[in-house]
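Colleague: Chains as they are written, first to last, in the numbering used here: chain A, 21 to 318; chain B, 21 to 318.
Please note: incorrect hints may appear among the correct ones.
Remember, identical chains collapse to one label, so a pair may be satisfied in a single copy or spanning two.
Unchecked claim - Listed below are the simulated BS3-like cross-link pairs for lysine-lysine, each with C-alpha atoms no more than 27 Å apart in a straight line:
(1) K308 <-> K121
(2) K268 <-> K279
(3) K306 <-> K279
(4) K184 <-> K195
(5) K303 <-> K279
(6) K52 <-> K210
Because the hints were derived from the structure by calculation, they are not lab data.
Protein chains: 2
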Amino acid sequence: MLDIAIIGAGPAGLSAALNGVIRNKKVEIFGKKPETSAIFKAENVNNYLGMPNLTGEEMIDQFLNHALDVGVKFNEALVSEIYDMGDYYTLNVDNDFVDAKTILVATGIPKARFVLGEEEYIGRGVSYCATCDGMLYRDRDIIVVAEDKEAYAEEVRYLQDIAKKVYLVAKFDVKEKFNDNVEVIKNRLKIVKGEDYFKKVELVNEIEIEAEGLFILRETMPVAKLIRGIEMDENFIKVNRNLETNLKGIYAAGDCTGKPFQVAKAVGEGLTAGLNIVSYIDKVEKIKVEEKELVSVK
Amino acid sequence: MLDIAIIGAGPAGLSAALNGVIRNKKVEIFGKKPETSAIFKAENVNNYLGMPNLTGEEMIDQFLNHALDVGVKFNEALVSEIYDMGDYYTLNVDNDFVDAKTILVATGIPKARFVLGEEEYIGRGVSYCATCDGMLYRDRDIIVVAEDKEAYAEEVRYLQDIAKKVYLVAKFDVKEKFNDNVEVIKNRLKIVKGEDYFKKVELVNEIEIEAEGLFILRETMPVAKLIRGIEMDENFIKVNRNLETNLKGIYAAGDCTGKPFQVAKAVGEGLTAGLNIVSYIDKVEKIKVEEKELVSVK
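Bound-form chain A, shown alone (with noise of 0.2 Å):
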C-alpha cells in the first residue's frame, strides 16, 4: 500500500513527491514521460527564482535527477481508473492495480476531454479498459478509438482476440499488423450516440459505424473521468488554499488546478500538496491507533 500515488511526472508531481520521501512516506509517481511536460519544449525558463536562463529540457532534467536522487520513484504508466476503496484508493495502472491511501492529481493543463455524449454512456458501452471490460464483448462488434500512438496496440491486440470485429479508429497512421477482424478506419471521433445504452459513433465527415462496445484509448484521462465526483471549477479542479479537493485524502496541484501556468507555481503547489498530505497521513494513522486502543480497553 503506498502512502500517496501521485499522477503526473511534471514540476508539480515531482515537487510533491519529493517532499513526502524526505518526510519517510512511500510515494510513487505514475505518469507519461517527463520529456511530455508542457515546460519540456521551452527555449528559455528565467523565472523560477534561482535558475536562471535555462531550457525547459535542462529544468526538468534538474527537477527529474533532484527528485530520483532523494529516492522518488516514477513509473511510466497510464492511470486510467480510479475506485475508492473507502478508506483507500486503489488505481488501474496499465491494467495492474495499485493501492493508496491518498492521490495527487498532478496531471497538467487539462487536455483530454469528453467528446459530445461520451459521458452519457460511460459504462454503458463507453470503456477506457480493455483488460477490465474486454471480456463482455465476447463475439460482438467494437469499435476502438486510438488516441495515443503509443499505448494503443497492446489494446487492440487483446481485443481482436475476444471481439468478432474490431472497428479501429485512428488520426494517425496505424502501421501495427493485426488480425483480419480489424478494421482500420483514418478518421476522428466526434459524437458518441445511443438511447438507454450505447449504439454507435460519427465520426468527422458524418460517417457513422455501428457497434455493441466502444474504446476510448487516450493518452491522458480527462479528469472527471478519473475521479468520480471531483469538483470542477470550469476545466479546472477546485481546489483550496491547502490543495485539497472535494474528495477526502485526494489533493491536486499544478496547472491542473488553473492559472499561471508557471513552475514556481506548481513546484510551490506541489510542496503545499505533498506536505499537507503528509500531515493528513499521520492524522488518520493516529485517529486509527487511538480506535485500537479503546477497543482493546472495552
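Please build the complex by placing chain B on the supplied structure of chain A, with the hints as guidance.
Modeller: Only chain B this time, still in chain A's reference frame:
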C-alpha cells in the same frame, strides 16, 4: 510612481519582483538585508526542486543574484506606514515617501506584535515615525522604545532636539552618545496605558514611566499596523487563491500568508501574486484609457 512596491526581500518578495520586472513593470523591493530571511541560517535545504543540498545562505545568494541580474531593485529600508491615496498607495520608507500603484506584502513569519494596550493608543500618543509625528511633542516629555538596534540612534538624535526629555528604553546596551536630556533605561516595554489619550508605559518589573508621547521603533511593523483594515486569519494575512487580500491592489505571499513555511511555497506564491498584480495593473490602466476616451468623445 512604482507599479509594484514589494515589502520583504525573502524568497516570496524576490520571486514576485523577478516576475514583475520580466513583465516590464516598475518594481522595487523594500526590506531588511536578505541575510535576515528565515531560511538564511539553514544548514541544508533539500526540498526546493532543482536545487539540491544547499545551505540557506547559498540558496538566498542564488535567489538574490537571479533577481538582481534581471533588474530587480532592492532597497534596504523599513516601511513604517502605508497610506491609502484612493488610486494608489504612499509608503513611508525610512522617513521618505514612495508612491506605488500596488503593494505586495512578503514580510515573512509574523514576528512583531503589539504589546498590551499599544493598538488602542495609535494616533493618540503612540507613534512609529519620528519624522512624521516628532514635532507634536516640542518641549514635552517622550518615551522612545528602541527594539531595533540598527536604526534607532538617528531617530533619537532627531527627537532629542525637539523634546524636553527623552526616556530611551532599550533591551540592549546603548553605546551611542546623546544629549543630556536623554535618559537611557535598560528594560522592555510591557504595557501601554492611558485613558482617552496615552499616559504612561509599564516596563518589566512593574516600573512605570509617564510621558506625553511614545515612539516605538521596531525592526518590523506588525502587519495590522502597517496596513490598516487588512483582514487577518489569526496571525496571518488572509488571502484567496489569487493571493489577493481584502484590500484593492494589496496582495500577500510567502510565510506571512500561513503554513507551510517553506521556500518552494514562498517562491510559488510570489510568482502567482506577481503575475496577478501585473494583470490587475493592466486592467486598471485599460479602464482609465477607456474612461478618457469616453470623456474626449463627449
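Colleague: Which of the listed hints are not met by the structure?
Modeller: none
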